[in-house]
Amino acid sequence: MPPDIEAIAEQVFVALADPTRRAILAALASRGPATATDLAVDLPITRQAIAKHLALLAEAGLVTAEPGERRRVRYRLRSAPMQVAQQFLAVLARDWDSSLDALKDHLDRVVGGPASTQLHGIDP
Amino acid sequence: MGFPDRIGRTVEIAHPPDKVWAALTTAEGLGAWFGNEAAIDLRPGGSAWMKWNDEGFTAEMRVERVEESAVFGFTWGIYGLPADVPRRTYVEFTLEPVGAGTRLTVVESGFAQLPEDVYGKAYDGNTEGWAKELGELADYLDAA
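One line per chain: the protein sequences are D and G, in this order. Sequential numbering from 176 applies to the first sequence in this note's numbering. Sequential numbering from 142 applies to the second sequence in this note's numbering.
A few of these clues could be false.
Pairs of lysine to aspartate or glutamate residues, derived as EDC-like cross-links and limited to a Cα-Cα distance of at most 20 Å, are as follows [claimed, not checked]: (1) D:Lys279 x G:Glu237; (2) G:Lys192 x G:Asp182; (3) D:Lys279 x G:Glu233; (4) G:Lys160 x G:Asp225; (5) G:Lys160 x D:Asp280; (6) D:Lys279 x G:Glu178; (7) G:Lys160 x D:Asp217; (8) D:Lys279 x G:Asp159; (9) G:Lys192 x G:Asp225; (10) D:Lys227 x D:Asp217; (11) G:Lys160 x G:Glu233; (12) D:Lys227 x D:Asp193; (13) G:Lys160 x G:Glu209; (14) G:Lys160 x G:Glu178; (15) G:Lys192 x D:Asp276; (16) D:Lys227 x D:Glu241; (17) D:Lys279 x G:Glu169; (18) G:Lys192 x G:Glu169; (19) D:Lys227 x D:Asp213; (20) D:Lys279 x G:Glu153; (21) G:Lys192 x D:Asp270; (22) G:Lys160 x G:Asp182; (23) G:Lys160 x D:Asp283; (24) G:Lys192 x G:Glu178; (25) G:Lys160 x G:Glu237.
Hints in this document: simulated from the structure, not taken from any laboratory.
Go ahead and model the full structure; you've got the sequences and the hints to work with.
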């Protein structure tokens with residue numbers, strides 16, 4: 176079964192909606208791969224809670240588990256689902272309406288037209 | 142409606158297609174209304190760029206379709222993604238004469254492309270399981 180792009184984006188947004196998981200993902204992004212113990216040093220959350228969150232994030236495919244030192248599991252952020260979420264945001268952030276308004280204004284200025292005729296009366 | 146793949150807009154412009162065409166396909170035009178500065182090699186496969194000074198951002202484009210005063214298409218990177226991400230969206234402007242003016246349609250498509258390395262990973266439709274487990278986790282944390 177092919178992965179569902181909508182489901183992937185949703186998993187990212189669901190994960191980010193929770194402040195604890197957001198903090199864990201942000202920590203992995205800024206410091207790189209880390210164990211639950213590493214993260215517990217930096218975050219005001221118990222190691223057990225962090226480990227639970229990391230296990231769920233791994234199951235959702237947002238982080239991958241890999242062998243770390245002293246037989247601890249180390250987690251690494253996966254960029255692929257984050258990029259899917261970013262693509263969704265890109266649709267929302269793309270402002271063609273403002274660009275097309277700017278195009279019209281540009282043409283009125285350069286070619287002349289109703290708008291520029293009016294403007295000439297105010298600012299010759 | 143799920144993850145949108147495309148954006149489409151149609152506007153009526155009170156200037157003829159050749160004037161609109163010049164604004165869309167010349168460095169002077171693109172650098173005036175779209176970016177702050179631009180360059181374009183107007184032929185299929187030609188490269189182009191636009192620069193926004195305030196944002197310190199430059200968009201690299203590749204010209205795909207050139208049908209004078211009728212169709213202009215290019216691809217560019219998806220905003221917010223690293224420059225080395227191969228997925229790009231396709232932007233196509235279509236110009237139709239309407240009276241003395243132009244009906245301009247812009248369609249940008251390709252937002253819903255999947256990254257290749259998503260395939261074969263743990264995305265086999267376990268969204269419901271994920272939601273259920275999150276609920277259980279929330280209960281666990283509330284009780285703690």
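Checked hints:
no.	hint	in the structure
1	D:Lys279 x G:Glu237	holds, 15 Å
2	G:Lys192 x G:Asp182	holds, 15 Å
3	D:Lys279 x G:Glu233	holds, 17 Å
4	G:Lys160 x G:Asp225	violated, 35 Å
5	G:Lys160 x D:Asp280	holds, 13 Å
6	D:Lys279 x G:Glu178	holds, 18 Å
7	G:Lys160 x D:Asp217	violated, 59 Å
8	D:Lys279 x G:Asp159	holds, 14 Å
9	G:Lys192 x G:Asp225	holds, 18 Å
10	D:Lys227 x D:Asp217	holds, 17 Å
11	G:Lys160 x G:Glu233	holds, 17 Å
12	D:Lys227 x D:Asp193	holds, 14 Å
13	G:Lys160 x G:Glu209	holds, 11 Å
14	G:Lys160 x G:Glu178	holds, 19 Å
15	G:Lys192 x D:Asp276	holds, 19 Å
16	D:Lys227 x D:Glu241	holds, 16 Å
17	D:Lys279 x G:Glu169	holds, 15 Å
18	G:Lys192 x G:Glu169	holds, 12 Å
19	D:Lys227 x D:Asp213	holds, 14 Å
20	D:Lys279 x G:Glu153	holds, 9 Å
21	G:Lys192 x D:Asp270	holds, 16 Å
22	G:Lys160 x G:Asp182	holds, 18 Å
23	G:Lys160 x D:Asp283	holds, 10 Å
24	G:Lys192 x G:Glu178	holds, 5 Å
25	G:Lys160 x G:Glu237	holds, 12 Å
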